[in-house]
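Each chain, written out:
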Amino acid sequence: MIRESYLNAALLAGLLAVPLCALLLDEPFIITLATRAAILALAAVGLNIALGWGGLVSFGHAAFFGIGGYSMGILAFHAQNFMPLDLGFMVFDGTKSMPIIWLVAVVLSAFVALLIGLLSLRTSGVYFIMITLAFAQMFYYFAISWSRYGGEDGISIYIRNDFPGLDTLVPIQFFSICFAALLLALWLNARLVASPFGLALNAARQVPVRVQTVGLDPARLKLVAFVISGAITGLAGALFADLNRFVSPSMFSWHLSGELIVLIILGGVGRLMGPVVGAMLFVTLEHVLGGFTTHWHIALGAILLGVVLFARGGVIGLVCGPKGQS
Amino acid sequence: MTQTILETRGISKSFGSLKASDSVSIDLRAGEIHAVIGPNGAGKSTLIHQICGGLRPDAGQVLLQGQDVTALSTAARARKGLGRTFQISALAMEDSVLENVMLGALGASGRPWRFLAPVMGDRALRDRAEAALERVGLQDNRQTRTAALSHGQRRQLEVAVALTLDPRAFVMDEPMAGLGAEGSKTLTGFLDGLRDQAPILLVEHDMDAVFALADRISVLVYGRIIATGSVDDIRTNPEVRDAYLGESA
Amino acid sequence: MTLLRVENLTARYGASQALFGVDFTLAEGEVLALMGRNGMGKTTTVKAICRMIPSQGRLEFSGQNLHVLPSFRAARLGLGLVPEGRRCFASLSVAENLIAAARPGHWTLERVTRFLPRLGERLGQRAASLSGGEQQMLAIGRALMTNPRLLILDEATEGLAPLIRAEIWGTIAALKRDSGMSILVIDKTLSELAQVADSAAIIARGKTVWSGAMEDLSADVTEQYVGV
Amino acid sequence: MSTILVIEQVLNGLQSGVMLFLMAAGLTLIFGVMGLINLAHGSLYMVGAFAAAAVAGATGSFLLALLAALVAAAAAGVLVETLVIRRLYAADHLDQVLATFALILIFSEGTRLIFGSFPLYLDIPSWLSGPVTLPGGIQYPLYRLALIGAGLAVAMALWLLIERTRIGIQIRAGENDREMIAALGVDISRLYTLIFALGAALAGLAGALVGAIQSVQVGMGEPVLILAFVTIVIGGIGSIKGAFIGAILVGLTQTLGSVFLPVLFRLFLDPATAMSLGASLANMAVYILMSLVLIFRPTGLMGARA
Amino acid sequence: DIKVGMITTLSGGGAGLGLDVRDGFLLALAQAGRDDIELVIEDDQQKPDIAVQLADKMIQSERVDVMTGIIWSNLAMAVIPSAVNQGVVYLSPNAGPSQLAGRGCHPNYFNVAWQNDNLHEAAGAYANTAGYSNSFILAPNYPAGQDALTGYKRMYEGDLAGEVYTQLGQTDYAAEIAQIRASGADSVFFFLPGGMGISFLKQYADSGVDIPVVGPAFSFDQGILQAVGEAALGVVNTAQWSKDIDIPVNTAFVESFQAEFGRLPSLYASQGFDTANLLISALEKADPSDNEAFRAALREADFDSTRGDFRFGPNQHPIQTIYAREVIQEGDVFTNRIIGVALEDHADAYAAECQMP
Ligand SMILES: Nc1ncnc2c1ncn2[C@@H]1O[C@H](COP(=O)(O)OP(=O)(O)OP(=O)(O)O)[C@@H](O)[C@H]1O
Ligand SMILES: Nc1ncnc2c1ncn2[C@@H]1O[C@H](COP(=O)(O)OP(=O)(O)OP(=O)(O)O)[C@@H](O)[C@H]1O
Ligand SMILES: [Mg+2]
Ligand SMILES: [Mg+2]
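Chains A, B, C, D and E are the protein sequences, given in the same order. Under the numbering used here, the very last position in the first sequence is 326; numbers go up by exactly one each time. Under the numbering used here, the very last position in the second sequence is 249; numbers go up by exactly one each time. Under the numbering used here, the very last position in the third sequence is 228; numbers go up by exactly one each time. Under the numbering used here, the very last position in the fourth sequence is 306; numbers go up by exactly one each time. Under the numbering used here, the very last position in the fifth sequence is 357; numbers go up by exactly one each time.
Please note that the accuracy of each hint is not assured.
Claimed, not checked - Have a look at the derived ranges for each label pair, beta carbon to beta carbon:
| hint | chain 1 | residue 1 | chain 2 | residue 2 | range |
| --- | --- | --- | --- | --- | --- |
| 1 | C | Asn8 | B | Thr144 | 44 to 54 Å |
| 2 | C | Gln195 | D | Arg166 | 20 to 30 Å |
| 3 | B | Gly16 | C | Gly29 | 44 to 54 Å |
| 4 | E | Glu300 | A | Tyr149 | 29 to 39 Å |
| 5 | A | Gly125 | B | Ala124 | 46 to 56 Å |
| 6 | D | Arg166 | B | Pro118 | 55 to 65 Å |
| 7 | A | Leu289 | C | Asn8 | 50 to 60 Å |
| 8 | B | Ser109 | C | Asn8 | 27 to 37 Å |
| 9 | D | Arg166 | C | Asn65 | 47 to 57 Å |
| 10 | D | Leu134 | A | Gly306 | 19 to 29 Å |
| 11 | E | Gly308 | A | Gly14 | 22 to 32 Å |
| 12 | B | Ala124 | A | Phe82 | 50 to 60 Å |
| 13 | D | Leu269 | B | Gln67 | 52 to 62 Å |
Stated by the list, open to error - Heads up, incomplete: computed chain B residues facing chain C, CB under 7 Å, no partners named:
| hint | residue |
| --- | --- |
| 14 | Ala75 |
| 15 | Ala76 |
| 16 | Ala124 |
Hints are computed from structural coordinates only; laboratory data are not their basis. Think of the CB as a built atom: it goes at the ideal place given N, C-alpha and C, for glycine as much as any other residue.
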């Protein structure tokens with residue numbers, strides 16, 4: 001068994017080394033893949049805060065991913081087409097600046113997470129899974145018929161947005177941005193888990209009544225976790241949109257919510273780096289298997305099945321042993 | 001006259017046609033252990049739930065230190081000084097013993113909304129938690145996973161968590177449940193010393209413990225208090241013998 | 001004739017070993033008390049006998065090796081379990097709880113409800129809304145419905161009012177007296193056990209430390225291993 | 001909008017609800033009893049439809065095709081249960097999610113490997129095709145009437161099985177405490193395999209019945225799966241009665257929503273806006289229904305437990 | 001060597017279309033005997049984000065000269081604008097969203113199939129010729145669906161008995177069919193691609209409603225006709241190609257496709273085949289490294305199209321004849337037969353908006 005902290009360091013080093021090697025070998029697409037993995041990992045890190053530590057199995061995190069994506073899409077669309085965005089109370093030119101887009105994405109998804117969380121947290125268990133799905137589906141269908149922003153076709157942004165001091169079109173530079181965002185989220189996650197809030201949240205997942213009897217409100221703890229979680233996934237959505245220079249309703253789809261959950265389980269639920277391992281593995285498999293046969297889904301399915309049957313606690317569980325033992 | 005810490009005034013609760021609490025008035029005074037006994041299904045746990053906030057009474061009031069808390073949530077009552085242990089242990093089993101008491105201390109501090117500073121680095125919380133552990137004698141097990149504790153130790157931990165809240169009153173539902181003779185004896189001794197800290201409202205079927213501990217006993221049958229009095233009053237009350245004690249006492 | 005033979009039984013929960021060698025035998029028609037402090041392995045022994053957890057050693061019921069059988073087959077040989085914590089099927093009615101377990105034999109729904117009249121009055125009520133004592137009765141009735149050759153009672157009086165405890169002890173005594181049923185009983189209170197049990201086995205730290213006839217049990221031994 | 005049209009639409013809603021029930025019943029059974037979130041349930045629906053199409057193509061008999069659907073789906077169910085699911089009862093819910101997600105991939109791509117990428121042909125048998133005239137002059141397809149009838153019959157039989165038979169009681173007991181029912185002498189693994197096969201067979205039957213009026217193609221199970229989940233959650237998980245009520249509610253909401261919402265909006269909006277707004281809202285209608293139900297009844301209409 | 005990147009849908013529910021395009025394309029390459037064309041094929045799983053990444057891969061890592069293959073409009077909108085702006089020539093074998101035909105046209109973008117509205121416009125025109133004057137029209141509620149209804153209405157001169165948007169991916173059309181029955185329409189126009197169309201047609205046939213139906217070829221194409229079966233018999237649909245277009249290149253194509261792959265070619269296969277032949281014709285005149293010359297060669301469209309005359313309009317979209325076909329049965333096989341011309345030499349409605357830089 002390897003100490004989890006060593007593995008974590010090795011993983012991050014790996015995720016950083018792959019694009020650097022790709023840079024040397026002049027394989028820009030590998031960098032794009034690494035960026036994709038980093039962004040999916042970021043989204044899943046967000047979900048993991050709700051799912052892993054708060055015990056909130058959200059099957060609707062695509063809602064936040066999509067809101068992040070559409071924040072980027074809409075702001076950049078207006079900037080790109082020189083059509084001011086009329087918000088009713090103010091007129092806004094749109095923007096191509098990443099920091100502003102991120103801010104909007106984070107604030108909007110946090111706000112929506114607050115609303116969804118308020119309503120959803122009345123339920124628990126499978127009911128919670130399904131009500132979060134319901135909200136995401138509402139966004140999905142709304143986006144599909146929102147013809148102003150392309151409906152099902154989505155919005156294409158021809159040039160990637162700007163980040164002060166960087167050329168975001170250079171793959172490695174955009175990767176650095178995403179990697180930095182991932183590191184920041186992981187750092188936040190680690191601090192959160194060890195913080196007073198994390199202690200209370202952890203207990204709220206296991207024994208809500210106990211938390212109540214010490215004078216805290218478990219529902220509110222979970223709500224805050226849900227909001228933080230949604231905000232991080234929203235940020236990932238904005239980055240994902242920028243990676244593809246494109247947003248569409250598929251960012252809201254339940255497949256995406258499911259995929260995020262799968263990433264976490266694959267890596268290890270409630271493990272700091274679980275989402276990162278999951279994302280790296282998933283993106284690699286998708287890329288490598290796809291090269292062999294058009295029926296690669298069978299192979300992917302078999303591998304996932306193998307992980308469930310023979311690696312309880314995900315890949316990290318396999319390598320480091322069960323949670324709480326190291 | 002001693003001060004009344006906790007009091008119910010005519011609380012009633014029905015489940016359908018069943019009257020689980022029928023105008024129950026009971027009080028807990030400073031420094032005493034007040035035991036509530038009664039047959040199974042008499043409504044003891046239901047009474048506890050209403051006192052602690054898990055159930056809302058259909059009628060009547062719950063007063064804590066003279067203040068009406070009937071409308072407050074469980075969490076709010078806890079903040080006002082109601083310390084509770086459960087019939088079945090409710091502890092974070094995956095966490096260490098220390099983390100469980102830290103949670104109590106955190107609740108008592110009322111400041112859970114801190115996201116970045118490590119909780120274990122908070123000296124004030126830490127001291128409070130350690131003090132509670134020491135009080136129940138679990139200080140050597142602070143790093144043990146709660147799941148690995150024995151039954152009796154879990155009971156002690158529950159009390160420790162309640163202690164961190166510095167409660168005005170304890171409410172305990174069958175703390176002896178599942179403890180062997182020896183365990184019961186130890187816990188009895190421990191609870192005996194606890195009454196100086198805060199009075200205890202104790203629901204218990206273990207008559208040895210009740211008779212050893214209680215200053216007063218109330219007997220609940222079909223949702224009603226049929227008698228309240230000293231140990232000897234109750235022991236000899238024929239109604240109580242019929243409804244509850246049988247020949248055993 | 002020996003009904004249950006347990007020899008050098010060992011068992012573990014994941015990484016931690018709970019039983020280190022439990023031995024005792026129980027004859028047909030006998031009532032055996034299994035005693036010991038908290039956490040010493042009484043329930044674990046019962047679970048092993050009922051094949052609810054994996055175990056090693058010798059485990060024979062009327063000459064059959066239980067270790068080769070899954071839980072339900074062991075039960076069909078004639079093990080009737082009243083588990084620790086009652087474990088009634090909460091969402092089922094009293095009658096359904098009984099029917100779910102029924103196997104042909106002496107004990108039928110009528111006999112059981114006549115024997116435990118409190119249940120008879122509540123056949124349609126959901127188990128979840130029964131009081132603790134009634135649930136305990138139900139668990140006993142349910143075990144009887146399987147028409148066991150050996151009834152296993154694990155803390156059958158826990159959490160019950162003194163009056164009902166007395167009733168349950170009366171029930172156990174009646175079973176022994178009227179139907180000559182073999183019974184393995186675990187309980188905290190020595191005095192009540194002493195009245196019904198023929199023999200006893202004491203477990204400490206997962207090992208049998210004493211076994212023999214009930215009347216041979218000395219105060220020293222119980223003081224040392226049971227704490228009374 | 002004439003009464004006839006309204007009645008016809010109600011029938012349509014009923015019919016899609018009843019078919020949804022066949023899916024939802026298996027799902028709710030499997031979830032309720034085994035605590036298993038079976039994402040692969042939609043794949044069993046697909047297996048049923050493909051088996052039916054293949055057999056109908058080879059033999060020309062619709063009844064044989066239905067039989068084949070039942071057998072193939074049940075067999076697939078048994079296979080999946082014994083090879084994969086059985087090892088996961090003790091595992092975390094989330095592990096089951098991952099495993100059944102993996103099974104979707106395998107089933108879908110496996111079906112494509114065997115049957116190719118093009119939709120298959122499965123048609124209504126001639127003795128059930130065409131419309132009949134109902135009292136009041138409503139022209140309604142006979143096949144859809146037959147679906148309503150078949151669905152109601154299955155629902156009734158299932159309800160009797162679960163509520164009235166000893167096996168049903170044991171199934172529900174296993175739902176409460178699996179280990180305990182085994183310790184009482186009930187072969188719970190066999191019972192589980194049976195339930196899984198039963199759930200699978202119902203899904204397969206639904207796939208075949210619906211396949212005759214829809215497109216038999218890879219991935220056809222996924223939209224139905226999501227709807228079936230919505231259904232059992234509305235009804236309350238584990239409850240057959242709940243699944244039935246939920247299914248009818250969802251069927252009616254979907255059908256009537258898509259027809260009447262645009263009409264409703266036309267009362268106060270211009271036609272183009274009304275149409276697109278109505279259509280989008282109709283898409284969301286079942287989800288809105290589900291969230292409303294859950295907000296007011298957090299464990300569904302018939303659910304007792306969380 | 002020339003490197004061509006093909007991103008198309010090869011897995012999941014929509015794989016049939018992608019497979020046909022790919023096979024048609026491969027057949028043309030094989031027949032031309034060009035082994036200097038390196039074809040990189042990738043599966044987009046019908047997911048826009050995957051398609052974008054594959055495009056990035058082809059452009060960044062594989063450094064392809066020409067790209068092609070995308071089936072779906074939403075994927076096309078995700079990939080094409082950015083690809084052509086990076087200097088890659090894109091030949092569309094299927095999707096033709098209106099944005100790319102009008103304001104978003106680009107010298108590097110060529111459409112070898114149709115602009116999305118074309119077949120619907122043809123259906124509208126056919127409705128006029130057939131004397132329909134009260135159509136009930138329906139399509140899914142998404143951009144291509146909205147374009148379809150717009151396209152039909154652009155040419156159709158009669159009244160509308162009803163206009164309905166269905167749900168994307170909907171499988172049950174009982175509600176819509178009941179509305180059609182009640183509407184008093186004399187004809188039905190629908191655009192329901194893939195499984196949606198199969199479901200609609202089967203249910204429509206069973207409902208006993210016998211109002212004539214027209215639609216674009218997508219629901220009557222070779223790949224899915226067998227699944228629709230008799231329900232489709234006699235339905236009129238519009239397409240720029242049909243297997244019975246009686247010109248040698250088409251006859252040869254149908255024969256060789258069937259010989260090679262063991263199935264009849266579909267509309268998509270013909271489009272893949274034509275796309276490859278267009279590419280080959282241009283490669284014979286210019287090298288992609290000379291972007292200007294290569295594009296000029298493409299614009300000439302100097303190849304034998306399976307659909308007969310083919311030329312590009314100013315926005316590099318086809319100007320072509322669109323036929324009305326009827327579904328017939330030949331032995332066991334359901335297929336189409338041309339019954340007339342719906343639109344002669346038709347160009348799309350957006351060409352005027354296109355200002356080529
Ligand atoms: N949620 C409920 N719905 C219906 N009946 C209930 C509910 N909760 C409790 N009851 C009933 O109310 C009565 C009182 O129950 P309570 O749990 O308070 O008894 P108790 O005195 O604590 O018994 P015990 O000593 O066995 O724990 C019982 O008859 C019980 O069945
Ligand atoms: N599910 C479990 N996982 C891990 N350890 C367990 C589990 N159940 C019991 N143990 C441990 O096994 C040992 C024996 O427990 P067991 O329940 O058999 O004791 P017991 O004699 O029945 O005690 P009690 O009188 O409290 O019921 C104890 O140390 C206990 O902590
Ligand atoms: Mg109680
Ligand atoms: Mg025990």
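Hints, verified against the model:
For Asn8 of chain C and Thr144 of chain B, the Cβ-Cβ distance of about 30 Å falls outside the hinted range of 44 to 54 Å, so the restraint is violated. Separated by about 38 Å at the C-beta atoms, Gln195 of chain C and Arg166 of chain D break the suggested range of 20 to 30 Å. The supplied range of 44 to 54 Å is met by Gly16 of chain B and Gly29 of chain C, whose beta-carbon atoms lie about 45 Å from each other. For the hinted restraint 29 to 39 Å between Glu300 of chain E and Tyr149 of chain A, the CB-CB distance of approximately 38 Å keeps it satisfied.
Between Gly125 of chain A and Ala124 of chain B the C-beta distance comes to about 37 Å, which lies outside the given range of 46 to 56 Å. A beta carbon spacing of about 57 Å between Arg166 of chain D and Pro118 of chain B agrees with the range 55 to 65 Å that was offered as a hint. For the pair Leu289 of chain A and Asn8 of chain C, the supplied restraint of 50 to 60 Å holds, since their beta-carbon distance comes to about 52 Å. At roughly 53 Å, the beta-carbon separation of Ser109 of chain B and Asn8 of chain C lies outside the given 27 to 37 Å, and the hint is violated.
Separated by about 30 Å at the C-beta atoms, Arg166 of chain D and Asn65 of chain C break the suggested range of 47 to 57 Å. For the pair Leu134 of chain D and Gly306 of chain A, the supplied restraint of 19 to 29 Å is violated, since their beta-carbon distance comes to about 55 Å. Evaluation of the 22 to 32 Å hint for Gly308 of chain E and Gly14 of chain A yields a failure: the beta carbon distance comes to about 57 Å. Remark: the range hint 50 to 60 Å for Ala124 of chain B to Phe82 of chain A is upheld by a beta-carbon distance near 58 Å.
Checked against the given bound of 52 to 62 Å, the beta carbons of Leu269 of chain D and Gln67 of chain B, roughly 55 Å apart, stay inside it. This hint is violated: Ala75 of chain B has a C-beta 26 Å from the nearest C-beta of chain C, more than the 7 Å allowed. Look at Ala76 of chain B: its Cβ only gets to about 29 Å from chain C, farther than 7 Å, so that hint breaks. Among the interface hints, the one on Ala124 of chain B is violated; its C-beta lies about 35 Å from the nearest C-beta in chain C, farther than the 7 Å criterion.
In this structure, the hints that do not hold are numbers 1, 2, 5, 8, 9, 10, 11, 14, 15, 16, in rising order.
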